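Undergrad: Listed below are the residues making up each chain.
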Amino acid sequence: MATRRTGNKPDNTASAHAGLIDAVVFLRPLAGAAAPSPELTDATATAVLSQAVTATGLQPEATTVFSHLHAFSVRAPQTFLDALEASEEVAQVQSNDLGSTPLI
Amino acid sequence: MGIDANLKATGVADVIVILEPDAAIPAAALGSEVPAAIAQHFKASPYSQDAALLETLQARTFVRRLDSEDLAVSEAYGLARQAPVGSRYYPNLGVALGSVDRPALAALRREPAVQKVVMAPQLRLIRPVATAATAAMPGYTWGLRALGIDGLHDQGLTGRGVRIGHLDTGIDASHPALADVLHDYAEFDLLGNRAVGASPRDSAEHGTHTAGTLAAQPIDGIRFGVAPGARLVSAMVIEHGNVLARILGGMNWMVGQNVRVLSMSLGLVGVEDTFLAISQILRARGVLPVFAVGNDGPGRSRYPGNYAEALSVGAADSNSQVPDFSSSQLFKRAQDAIVPDLVGPGVDVVSCVPGGGYKQMSGTSMATPHIAGLAALLMEAKPDASIDAIEAAIFGSCALPPDMLASRANRGFPNAAKALSLL
Numbered sequence: 001m002a003t004r005r006t007g008n009k010p011d012n013t014a015s016a017h018a019g020l021i022d023a024v025v026f027l028r029p030l031a032g033a034a035a036p037s038p039e040l041t042d043a044t045a046t047a048v049l050s051q052a053v054t055a056t057g058l059q060p061e062a063t064t065v066f067s068h069l070h071a072f073s074v075r076a077p078q079t080f081l082d083a084l085e086a087s088e089e090v091a092q093v094q095s096n097d098l099g100s101t102p103l104i
Numbered sequence: 105m106g107i108d109a110n111l112k113a114t115g116v117a118d119v120i121v122i123l124e125p126d127a128a129i130p131a132a133a134l135g136s137e138v139p140a141a142i143a144q145h146f147k148a149s150p151y152s153q154d155a156a157l158l159e160t161l162q163a164r165t166f167v168r169r170l171d172s173e174d175l176a177v178s179e180a181y182g183l184a185r186q187a188p189v190g191s192r193y194y195p196n197l198g199v200a201l202g203s204v205d206r207p208a209l210a211a212l213r214r215e216p217a218v219q220k221v222v223m224a225p226q227l228r229l230i231r232p233v234a235t236a237a238t239a240a241m242p243g244y245t246w247g248l249r250a251l252g253i254d255g256l257h258d259q260g261l262t263g264r265g266v267r268i269g270h271l272d273t274g275i276d277a278s279h280p281a282l283a284d285v286l287h288d289y290a291e292f293d294l295l296g297n298r299a300v301g302a303s304p305r306d307s308a309e310h311g312t313h314t315a316g317t318l319a320a321q322p323i324d325g326i327r328f329g330v331a332p333g334a335r336l337v338s339a340m341v342i343e344h345g346n347v348l349a350r351i352l353g354g355m356n357w358m359v360g361q362n363v364r365v366l367s368m369s370l371g372l373v374g375v376e377d378t379f380l381a382i383s384q385i386l387r388a389r390g391v392l393p394v395f396a397v398g399n400d401g402p403g404r405s406r407y408p409g410n411y412a413e414a415l416s417v418g419a420a421d422s423n424s425q426v427p428d429f430s431s432s433q434l435f436k437r438a439q440d441a442i443v444p445d446l447v448g449p450g451v452d453v454v455s456c457v458p459g460g461g462y463k464q465m466s467g468t469s470m471a472t473p474h475i476a477g478l479a480a481l482l483m484e485a486k487p488d489a490s491i492d493a494i495e496a497a498i499f500g501s502c503a504l505p506p507d508m509l510a511s512r513a514n515r516g517f518p519n520a521a522k523a524l525s526l527l
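Respectively, the protein sequence lines represent chains X and V. The first sequence begins at 1 in the working numbering and counts up one residue at a time. The second sequence begins at 105 in the working numbering and counts up one residue at a time.
If you're looking for bench data, these hints aren't it; they were derived computationally from the structure. Treat the hints with care, as some may be off.
In silico contact screen, one side only, chain V against chain X (beta carbon under 7 Å); selected entries [to be verified]:
1. 107
2. 111
3. 237
4. 238
5. 241
6. 243
7. 299
8. 303
9. 347
10. 369
11. 372
12. 389
13. 396
14. 469
Computed from a predicted model, the values in this text were never measured in an experiment. Here a beta-carbon is modelled for each residue, glycine too, at the ideal position from N, C-alpha and C.
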């Protein structure tokens, strides 16, 4: 089950004031220890985003696919993020705001 | 992290107990003594077991993150800043602080006097690292000598041919000690896209200092770089608050740059699984993740350094002691139950800072690049060794000095020559 972490906490970006949220989407890992290929990640991200567009009628403002990490970032309305989270291919949707500086 | 997640990970959780406004509390409880009806459920906290450590921690400044709308809780957070204790009662607020296990949490919630139980603040030490300007002295630093890095240098091992990922505040590549160490540098926007045309720079001192420990060149006989033959793939990733996509952008870029070890002196208090799948993917791609465990003392640790998938690094001083700031924590898991995995030189560490100078800094951030640099030396010596083998050799080389507790240092302090011999 996906873990919902996006919330409505505004980011410190202009887009946040327009109702858009920056989030990172972690795609479901493959069975076993193998890392997904960059091509598989690109294709899965494209499919998941396309499904969310179809489901909501909305378009994300921006996306960045992390091909080596099986994840992508997205700037979109909460409704769109909810649709992403509902996808079987998505393991977790995480706010881009981790809450505090991670500097140790 | 919520109560349930904390209980699952460690078996205990620090909580705030909010009493019913009309709860009948005996007069004897007025003061700081926890009412018996509540106290009976509290368990010993890591913070309550060492009086000397408590005094040290209490003398320091903590910051907090307010997650609750409840004023009483907020005020308790403020009080907690001054006293990170196992249990305490604030009668004027009607709240108590303490540690619970799962049965105790259930029992507390059944108490008629209890309105609700919420997660206690996760205290963050503000930069516990000591910093001091210093004149770097010729010769090897204490940390490199203690690890036996000088011996591997004598064998001609410098990390040549190995790329090290360095995610931090950036790097001042114009420092004379770093003039030739940078393979590539990047910055990322809020969605993790690489910024075009970014030139190497450091938004603070942290990144230049950790980069120096990783790979600084010897200058005038001053030697504090563990792997001066290695090349850094460095990214600035942590400015402006919204960092997750930038950290992932940096990691993703580094994997594409064929780094073999990732040194990351960053982390957040708690045990969120945000970076868990990413850490597993890094390992599957042949990148050894070497992460700092945090500067929050015993009973606390930071993720992703506290994942079993990370090589987590705590700090030790030149007297083979674990400083009280170095994080450590016991987890309820079969693999790597204790974090950190080991400790490295993390007190009074001399390295370079922007502008051409040098500073001493202390923290697990400083210990981490020592171990990542050691991994790079071993990777040069045994280029076909897997990251699991490299990690196992480092672990196998560790020893616990007589006064160093396994609960604080786990395997102890590595030895470079022994690690090489185990490969």
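Undergrad: Now tell me, hint by hint, if it's right for this structure.
TA: Status of each hint after checking the structure:
1. The beta carbon of residue 107 (chain V) comes no nearer than 16 Å to any beta carbon in chain X, farther than 7 Å, and the hint placing it at the interface is violated.
2. Annotation: interface hint on residue 111 (chain V) violated; nearest CB of chain X at approximately 17 Å, more than 7 Å.
3. Look at residue 237 (chain V): its Cβ only gets to about 20 Å from chain X, farther than 7 Å, so that hint breaks.
4. Interface hint status for residue 238 (chain V): violated, as the beta-carbon distance to the closest one in chain X is roughly 21 Å, over 7 Å.
5. Using the Cβ-Cβ criterion of 7 Å, the hint placing residue 241 (chain V) at the interface with chain X is not satisfied: the shortest such distance is roughly 26 Å.
6. Hint on residue 243 (chain V) is violated. Least Cβ distance to chain X is approximately 28 Å, over the 7 Å limit.
7. Given the 7 Å rule on beta carbons, the hint for residue 299 (chain V) is violated: about 12 Å separates it from the nearest Cβ of chain X.
8. At a threshold of 7 Å, the smallest CB-CB gap from residue 303 (chain V) to chain X is about 22 Å, leaving the interface hint violated.
9. For residue 347 (chain V), the shortest C-beta to C-beta distance to chain X is roughly 6 Å, which falls under 7 Å, so the interface hint holds.
10. Below 7 Å, beta-carbon pairs count as interface contacts, and residue 369 (chain V) has one with chain X at about 5 Å; its hint therefore holds.
11. Restraint check, residue 372 (chain V) versus chain X: the minimum CB separation of about 5 Å is within 7 Å; hint holds.
12. The criterion of a C-beta within 7 Å of any C-beta in chain X is met by residue 389 (chain V), whose closest approach is roughly 5 Å, and the hint holds.
13. For residue 396 (chain V), the interface hint holds, the least distance from its beta-carbon to any beta-carbon of chain X being 5 Å, beneath 7 Å.
14. The restraint placing residue 469 (chain V) at the interface with chain X holds, with a minimum CB-CB distance near 5 Å, inside the 7 Å limit.
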